Amino acid sequence: MFSSRLQEKTRRDFMKLSAAGVFAPSLSGWLPVMAKAAAKGGKGQAKSCILLWMDGGPSHKDTFDLKPDSKGAGDFKPIKTSAPGIEISEHLPNIAKVMHHGTVVRGMSTPEGAHPRAKYIGHTGYREGQGGLIYPSIGSLVSKELGNPDGSMPNFVTIGGRSFGSGFLGPKHQPLLITDANRGVEDLRATIANGQFDNRVGLLEKMEKAFQREYQADAINDHTTTYQRAVKLMQSKESKAFDLTSEPSAAREKYGSGKFADSVVMARRLVEVGVPFVEVSLGGWDTHQDNFARVQSLSGQVDSAVSALVADLKDRGLLDSTLIVWMGDFGRTPNINTRGAKPGRDHYPRAWSLAMWGGGIKGGSVVGKTDKEGATVVERPTSAQDYLATVCELMAIDYTKKNETATARPIQIVEKAKPFTDMIV
Amino acid sequence: MRYRAFSLFALTAGLAVLLGDIGLGVADAQVAKVQNKNKKLKKADPPPVAPVAPVAKAQPAKPAPKPLPTVIPAPKTKDAIGLAKLIDAEVNKKFTEAKITPSTRSSDDEFLRRVYLDITGVIPTADKAREFLDSTDPEKRVKLIDELLTDPNYGRRMADIWSAKLFPIDSANRFVLKEPLYKWFEGEFNKNVAWDKLVTSLITATGEVGTNPAVTYFLANRSVDKLTDTTAQHFMGIQLQCAQCHNHPFTDWKQSEYWGMATFYSKVRADNPKNANKGGDNTKIGVTENNAKSKIKDFFPESAKTVPATYLGGGEAEVSLNEAYRPVLAKWMTAPENPFFSKAIVNRTWAHLFGRGFVNPIDDMLEENAPTHPGLLDAMARHFGTAGEFDLKYLIKAICLSDAYQRTSKPTEDNKTDQSLFSHMTVKVLSPEQLFDSLAVVTGIGRGNAASPKAKGGKNAVGGPRTAFVNFFLAGSEATSPVEYEAGIPQALRLMNSRIVNNPGSLRGIVGKTTEPTQAIEQIYLTALSRRPTAEEMKMLKEYVASSGMSSMSALEDILWATINSSEFTLVR
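Here the protein sequences come in this chain order: A and B.
Going by the working numbering, the first residue of the first sequence is number 10, and it counts up by one from there.
Going by the working numbering, the first residue of the second sequence is number 325, and it counts up by one from there.
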């Protein structure tokens, strides 16, 4: 029973051996095999993904699927975008200018109406508690498939909020959590002078070598490797990506101001140094009351940050290799409630929207359609699994691949999925 | 069907106990005959479902017939030394077969730190370490085992393990209090309540959280399918959950048998913790068992099948409609002749101490997943459920007394590839709880919190520095692997650079007033690694102090930092 961890270990051992020159002559023999494995994942060309998670569940009818003639139309007017035929909220005017790089998925339909369970399925593709397992989130899955296990940078970073972790894939693929983009990585800097820190690491290395010589356990190697990576991160140029003070202020301003804007700037900087998955969350979308004022304000934050992100990635030639996803827990009721002093909308998983930009999608397309009220999906209903499988395909990951749990149960990356990749690339 | 044959085997095994007890020399041979019959019966059965990949990988296509397990008479008296001897006799047999030599006995310092961490979950203080290492008492290891089994930290260690298993991470559990269950476990394990009694208390629990915290088991696994899964997995070592939706692909578990087990929980009424949380008091929620099928929404999944209460791999239970079902389940499950119950806990306890069980994964005791030492596991399980009186401390003591447990973890040239015969001790990885508690011993950080995880509000185990640390190291999973180092960059950064490790008062707390390098270095080693430095290490470290160009205090702080961040600290050798 080979667990995924064991496979990882084997691969690491292989790398060690090849570094030592043992396998060097036959190395070329491996390459076609590896290339083949990659091809199986599909035609995707995205190397990184930035997931913008709208915590609480944004109202689809007030963002990307406006229904001006419906009963609960709300206060906002639709505007035209750079993609012919796509109209979105008037409070997303700058996003409207980059919609030709994007796709709106208007047929999202999911089974969970409570926040934690909805976020769970949206991140993992599995219902919480299903089969007694804790499933890995998409960030951890991407970390495992595309991440560099020995690099100095983490392969999954979440900024601004607790995300879902690596579940049965184990802590190696859990996200590095940034609580505040302006503070950067916690504990990244030594509390002592550099010279003294180097001395300490030197001392530690001596202890590690002696211990490994006597006990020869894999766990010792793994411990050493992890520490080496962490020290490398502390000393690496790449770790500058976590330091927003080195970003020119003019460049930052385009993203807007506030925590979310700062987080998105950091996400871009991380993608630039090759981090394959970054998740940024923006809370406040649970607008049971005062929906319109709140959505307008949140839309403003999203509008400047996303439009600046798309533009910056485009400028740097990274848009085709970076997939941006904007989504939340679920949509919100087509009708407007009148319980509170100011009208709101309640949870609505049956029909809702998400949006994507970059990542090699052709842009300007719409997937799925809701009815006149925005209440029912009438074309191309899309499940959480369909969406996640599409992300995998766009990133050249074979979503039918099976990971194994600690008890050697094979679990497919995404199950029961009908990806819509063909409609958008 | 195979499991039928399996339960029949349990009966013959029972016979073996009897024969063993009477002391008939022919017992083994007779039992072997009965087993042969079993084997024939099995062959007449329809062929099993073709094993899928993982099973096939584990057992490469070798059609060689499985050797019959030798039935070993179980000891008839409760005698830890006797049981340890049995363990060694059986473990040693395998070395001869595999032509390897076992590693030698562990050094005192290896044993000391290992047994402290395994039993109490925390390293000894420097004073304790010095006392043990300097003692010339030939009985000092036995005495230490006894002492640690009466240490209240034993209950905490077991509560850490069991509350993680029985209180799963689930958003529905955010309104369920964890602390009462944790405290209950701590108390029950410290009182050494017999395992059959403890499990019975859990699965028959009735009442409110405040007065009977065991009901939390039902509140935290609040549906018949979750209860069926967790009961099968944790108390019987069986992964049944796949059979919920379809017949199990690897084994003979049928969907109808799954729901036959689930029926035992069908009359349970577990309060909804969420409702109690709204202005309520969630120590006042609880569990009752009705006369009729429970009517709580969501307690039965949509896929639920209505099947009479049926024992797993056994017959339909004789229950009357008015009878409480759970005590019937408990009685069957915890009976000494139950084929799963004792084996599961023996295997689990072995894995707790050795890092791996006779069967691995430990809660996947399929017939296809053969034990490394079938005869020994079987004998220990039979003994544990009979003369052993389901006494966990006794079982732990016996295993800790064995040569197998007391071997060094340093491999030899010819046994270094062995990972399943226990020729050398496995190097284990500290659990996050062990790591925090041990760091607390060294640095003083979180002292006061280590002994009792307290929430900000004071009631819930969620919160407090220990829980925060543990959650950070678990990173969303339920438990870390006992044998694989899984921590990542964020954890390494925390251990290198956070205040937990760079607490300015730590060094003073360890070395006191001395800055004399030899003394101070020895004290640091005794505190962090529970041993004295070797002559070579002492030489290297003294040179470091002399050549660092800093105050000796700073240099000593460097040494302390390096020991805490070393794999020797994070691992159990």
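Honestly, the hints are just simulated from the structure, not real lab data.
Be aware that a few hints might be false.
Stated by the list, open to error - Straight-line alpha carbon distances no greater than 25 Å define the calculated DSS-like cross-link-like pairs of lysine-lysine that follow:
{"#": "1", "chain 1": "A", "residue 1": "Lys106", "chain 2": "A", "residue 2": "Lys89"}
{"#": "2", "chain 1": "B", "residue 1": "Lys578", "chain 2": "B", "residue 2": "Lys402"}
{"#": "3", "chain 1": "A", "residue 1": "Lys425", "chain 2": "B", "residue 2": "Lys578"}
{"#": "4", "chain 1": "B", "residue 1": "Lys591", "chain 2": "B", "residue 2": "Lys521"}
{"#": "5", "chain 1": "A", "residue 1": "Lys218", "chain 2": "B", "residue 2": "Lys740"}
{"#": "6", "chain 1": "A", "residue 1": "Lys218", "chain 2": "B", "residue 2": "Lys464"}
{"#": "7", "chain 1": "B", "residue 1": "Lys629", "chain 2": "A", "residue 2": "Lys411"}
{"#": "8", "chain 1": "A", "residue 1": "Lys425", "chain 2": "B", "residue 2": "Lys629"}
{"#": "9", "chain 1": "A", "residue 1": "Lys215", "chain 2": "B", "residue 2": "Lys521"}
{"#": "10", "chain 1": "A", "residue 1": "Lys56", "chain 2": "A", "residue 2": "Lys381"}
{"#": "11", "chain 1": "A", "residue 1": "Lys381", "chain 2": "A", "residue 2": "Lys76"}
{"#": "12", "chain 1": "A", "residue 1": "Lys215", "chain 2": "B", "residue 2": "Lys598"}
{"#": "13", "chain 1": "B", "residue 1": "Lys837", "chain 2": "B", "residue 2": "Lys418"}
{"#": "14", "chain 1": "B", "residue 1": "Lys418", "chain 2": "A", "residue 2": "Lys218"}
{"#": "15", "chain 1": "B", "residue 1": "Lys863", "chain 2": "A", "residue 2": "Lys215"}
{"#": "16", "chain 1": "B", "residue 1": "Lys417", "chain 2": "B", "residue 2": "Lys629"}
{"#": "17", "chain 1": "B", "residue 1": "Lys837", "chain 2": "B", "residue 2": "Lys507"}
{"#": "18", "chain 1": "B", "residue 1": "Lys578", "chain 2": "B", "residue 2": "Lys591"}
{"#": "19", "chain 1": "B", "residue 1": "Lys402", "chain 2": "B", "residue 2": "Lys423"}
Claimed, not checked - If you want the ones that stay clear, here's a sample from chain B, every Cβ over 10 Å from chain A, calculated:
{"#": "20", "residue": "Tyr809"}
{"#": "21", "residue": "Arg818"}
{"#": "22", "residue": "Ser890"}
Said to hold, decoys possible - Pair by pair, the computed Cβ-Cβ distance ranges are:
{"#": "23", "chain 1": "A", "residue 1": "Asp227", "chain 2": "B", "residue 2": "Ser878", "range": "52 to 58 Å"}
{"#": "24", "chain 1": "A", "residue 1": "Glu214", "chain 2": "B", "residue 2": "Ala413", "range": "30 to 36 Å"}
{"#": "25", "chain 1": "B", "residue 1": "Gly699", "chain 2": "A", "residue 2": "Lys427", "range": "16 to 22 Å"}
{"#": "26", "chain 1": "B", "residue 1": "Glu840", "chain 2": "A", "residue 2": "Thr200", "range": "25 to 31 Å"}
Keep in mind that this is a model prediction, so the values were computed, not measured.
For every residue, glycine included, the Cβ atom is placed at its ideal position computed from N, Cα and C.
Results for each hint:
1. Lys106/A with Lys89/A: Holds: lysine 106/A and lysine 89/A sit about 9 Å apart, inside 25 Å.
2. Lys578/B with Lys402/B: violated, 38 Å
3. Lys425/A with Lys578/B: Given that 25 Å is the threshold and the Cα spacing comes to 23 Å, the pair holds.
4. Lys591/B with Lys521/B: Status holds; Cα separation ~22 Å.
5. Lys218/A with Lys740/B: holds, 18 Å
6. Lys218/A with Lys464/B: violated, 32 Å
7. Lys629/B with Lys411/A: violated, 29 Å
8. Lys425/A with Lys629/B: Roughly 23 Å between the alpha carbons, so the hint for lysine 425/A and lysine 629/B holds.
9. Lys215/A with Lys521/B: violated, 50 Å
10. Lys56/A with Lys381/A: Violated, at about 37 Å.
11. Lys381/A with Lys76/A: holds, 7 Å
12. Lys215/A with Lys598/B: Violated, at about 54 Å.
13. Lys837/B with Lys418/B: At roughly 53 Å apart (the allowed maximum being 25 Å), lysine 418/B and lysine 837/B break the hint.
14. Lys418/B with Lys218/A: violated, 32 Å
15. Lys863/B with Lys215/A: Roughly 13 Å between the alpha carbons, so the hint for lysine 863/B and lysine 215/A holds.
16. Lys417/B with Lys629/B: Cα-Cα ~48 Å, so violated.
17. Lys837/B with Lys507/B: violated, 39 Å
18. Lys578/B with Lys591/B: Holds. Lysine 578/B to lysine 591/B sits at ~22 Å (cutoff 25 Å).
19. Lys402/B with Lys423/B: At roughly 33 Å apart (the allowed maximum being 25 Å), lysine 423/B and lysine 402/B break the hint.
20. Tyr809: violated, 4 Å
21. Arg818: violated, 5 Å
22. Ser890: Not fine: 5 Å to the nearest Cβ puts serine 890/B too close to chain A.
23. Asp227/A with Ser878/B: 52 to 58 Å: The hint (52 to 58 Å, Cβ to Cβ) is violated, given that aspartate 227/A and serine 878/B are roughly 34 Å apart.
24. Glu214/A with Ala413/B: 30 to 36 Å: Between glutamate 214/A and alanine 413/B, where Cβ atoms are some 43 Å apart, the hint is violated.
25. Gly699/B with Lys427/A: 16 to 22 Å: This hint is violated: roughly 52 Å between Cβ atoms.
26. Glu840/B with Thr200/A: 25 to 31 Å: holds, 26 Å
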